[in-house]
Amino acid sequence: MSKVVTSEITFMTRGEVDIHDLTMEVDAKIGGSGIQNGIVTIFVPGSTAAITTIEYEPGLLQDIPDALERLFPKNIKYGHEMRWHDGNGHSHVRAAFLGPSLTVPITGGRMSLGTWQQVVFIELDNKARDRRVILQIMGE
Amino acid sequence: MSKVVTSEITFMTRGEVDIHDLTMEVDAKIGGSGIQNGIVTIFVPGSTAAITTIEYEPGLLQDIPDALERLFPKNIKYGHEMRWHDGNGHSHVRAAFLGPSLTVPITGGRMSLGTWQQVVFIELDNKARDRRVILQIMGE
Amino acid sequence: MSKVVTSEITFMTRGEVDIHDLTMEVDAKIGGSGIQNGIVTIFVPGSTAAITTIEYEPGLLQDIPDALERLFPKNIKYGHEMRWHDGNGHSHVRAAFLGPSLTVPITGGRMSLGTWQQVVFIELDNKARDRRVILQIMGE
Numbered sequence: 000m001s002k003v004v005t006s007e008i009t010f011m012t013r014g015e016v017d018i019h020d021l022t023m024e025v026d027a028k029i030g031g032s033g034i035q036n037g038i039v040t041i042f043v044p045g046s047t048a049a050i051t052t053i054e055y056e057p058g059l060l061q062d063i064p065d066a067l068e069r070l071f072p073k074n075i076k077y078g079h080e081m082r083w084h085d086g087n088g089h090s091h092v093r094a095a096f097l098g099p100s101l102t103v104p105i106t107g108g109r110m111s112l113g114t115w116q117q118v119v120f121i122e123l124d125n126k127a128r129d130r131r132v133i134l135q136i137m138g139e
Numbered sequence: 000m001s002k003v004v005t006s007e008i009t010f011m012t013r014g015e016v017d018i019h020d021l022t023m024e025v026d027a028k029i030g031g032s033g034i035q036n037g038i039v040t041i042f043v044p045g046s047t048a049a050i051t052t053i054e055y056e057p058g059l060l061q062d063i064p065d066a067l068e069r070l071f072p073k074n075i076k077y078g079h080e081m082r083w084h085d086g087n088g089h090s091h092v093r094a095a096f097l098g099p100s101l102t103v104p105i106t107g108g109r110m111s112l113g114t115w116q117q118v119v120f121i122e123l124d125n126k127a128r129d130r131r132v133i134l135q136i137m138g139e
Numbered sequence: 000m001s002k003v004v005t006s007e008i009t010f011m012t013r014g015e016v017d018i019h020d021l022t023m024e025v026d027a028k029i030g031g032s033g034i035q036n037g038i039v040t041i042f043v044p045g046s047t048a049a050i051t052t053i054e055y056e057p058g059l060l061q062d063i064p065d066a067l068e069r070l071f072p073k074n075i076k077y078g079h080e081m082r083w084h085d086g087n088g089h090s091h092v093r094a095a096f097l098g099p100s101l102t103v104p105i106t107g108g109r110m111s112l113g114t115w116q117q118v119v120f121i122e123l124d125n126k127a128r129d130r131r132v133i134l135q136i137m138g139e
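Chains as they are written, first to last, in numbering that gives the first Met the number 0: chain D, 0 to 139; chain V, 0 to 139; chain C, 0 to 139.
For the record, the hints were derived by calculation from the structure and aren't laboratory data. Glycine included, every Cβ here is placed at the ideal spot set by N, Cα and C. Careful, some of the hints might be misleading.
Listed next, with one range per pair, are the computed distances between beta-carbon atoms [as the list claims (entries may be wrong)]:
#1 His84(C) x Thr106(D): 29 to 35 Å
#2 Gly14(D) x Thr9(C): 38 to 44 Å
#3 Lys76(C) x Ile75(V): 22 to 28 Å
#4 Met81(V) x Phe10(C): 24 to 30 Å
#5 Gln35(D) x Arg82(C): 32 to 38 Å
#6 Thr9(V) x Arg109(C): 16 to 22 Å
#7 Gly31(D) x His84(V): 35 to 41 Å
#8 Arg109(V) x Gly14(C): 41 to 47 Å
#9 Lys73(C) x Arg13(V): 34 to 40 Å
What the simulated footprint calls covered on chain V by chain C, stretch by stretch (three residues with Cβ under 8 Å from a Cβ of chain C suffice, anywhere in the stretch; the number is not a length) [stated by the list, open to error]:
#10 32-45
#11 73-81
#12 84-92
#13 98-107
Start from the sequences, fold in the hints, and give me the full structure.
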């Protein structure tokens, strides 16, 4: 019998670029749901953060921010900044390209990730924030 | 009792880069489905458009196209263009990087978006097109 | 009655950048599942490969690698490389930006793709690998 269990994870971030490993908490929520086989959608309600997977190790915690700055520099002109003056035009553009949602298969009561693959939240906003990530766990 | 409701949204676009806010229409389709809790997958059947979320405001409607042109310029050489001569090699590459699919949790009968977060369709093709976006709404 | 069917596709890749068209195999697995209407989540368990859609034709098989090299060059400094010396720092960063997961609606027993849209696996690692892609097929 298929069911839906909604959960969430909350945490505080430092300013950009702050990468959090959510893997253990997501798997704990899946464990609590009783769902053995299905999917989990991990979603950030907001337009200045993103969800993806990386090997969570110190080298990449520098490489991801470096790539973001190379591709979407802080110090170029952003229309968003011209209008709103909150200093985070680049954050919005980065978030749109990385994306706010990730769906991962659940098998045997946990995410079917690779051995060196973690689910990460990427804070792209230019200030510390209280963040909430929604988990929609579906299956049987 | 879990169910699946398929719906679609159709609209006409101008040529690239034309960003449409689909949020209200997607929420209306979810409302019509009767599903209160689950997920919606928003998918574009085609390889020259993308779905993501942004804060839909005029500054970003310029910043996203600017970033696309900076990262994937129109006027460099594309193998796709050499073969097909339809002027949209860059459109295909941009679409592959942004992605054709977005899955959003549904809670309380609507998408659990942030306050300043909208679901957008991005037309990347170089001409006006009639577009169709498929919504797969699943849950209970 | 909603159900969940887990399947997988295995194949060998050459080193980067090697793009495989998975469309027919995914549709065959959906056919075998008996699910007519729902979604399929196509997921790579690993942090140096990605899933997206493209028009699978020879021009783009060159354009996607060209764009990856332009945006995430092999021969710049990566923190991952400094620590692990496996020559694939750029592979990890590319994979994080492209993403490991794609969810596609199923209608009429197959993926609702566009006519010139294929589901592709992109090998980003710097060596040949045996790869496994997980398909989570859900619906009725």
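Comparing the hints with the structure gives:
One distance hint, 29 to 35 Å for the beta-carbon pair His84(C) and Thr106(D), holds here, with the actual separation near 33 Å. In this structure the hint that Gly14(D) and Thr9(C) lie 38 to 44 Å apart at CB holds, the actual value being about 42 Å. At about 25 Å, the beta-carbon gap between Lys76(C) and Ile75(V) stays in the expected band of 22 to 28 Å. Checked against the hint of 24 to 30 Å, the pair Met81(V) and Phe10(C) passes, with Cβ atoms roughly 28 Å apart.
Between Gln35(D) and Arg82(C) the CB atoms are about 36 Å apart, so this pair conforms to the stated range of 32 to 38 Å. Between Thr9(V) and Arg109(C), the C-beta spacing of about 21 Å keeps the proposed range 16 to 22 Å intact. For Gly31(D) and His84(V), the Cβ-Cβ distance of about 56 Å falls outside the hinted range of 35 to 41 Å, so the restraint is violated. Range check, Arg109(V) to Gly14(C): about 46 Å between beta-carbon atoms, so the 41 to 47 Å window is met.
Range check, Lys73(C) to Arg13(V): about 38 Å between beta-carbon atoms, so the 34 to 40 Å window is met. Coverage of the segment 32-45 of chain V by chain C holds. Counting CB-CB distances below 8 Å, 5 residues qualify, and the rule asks for three or more. Counting residues of the segment 73-81 of chain V whose CB falls under 8 Å from any CB of chain C gives 5; the rule of at least 3 is met. Evaluation of the coverage hint for the segment 84-92 of chain V: fulfilled, as 3 residues show C-beta separations to chain C shorter than 8 Å, against a requirement of three.
Figure legend: the segment 98-107 of chain V, annotated as covered by chain C; annotation consistent (4 residues with Cβ-Cβ distances under 8 Å, at least 3 required).
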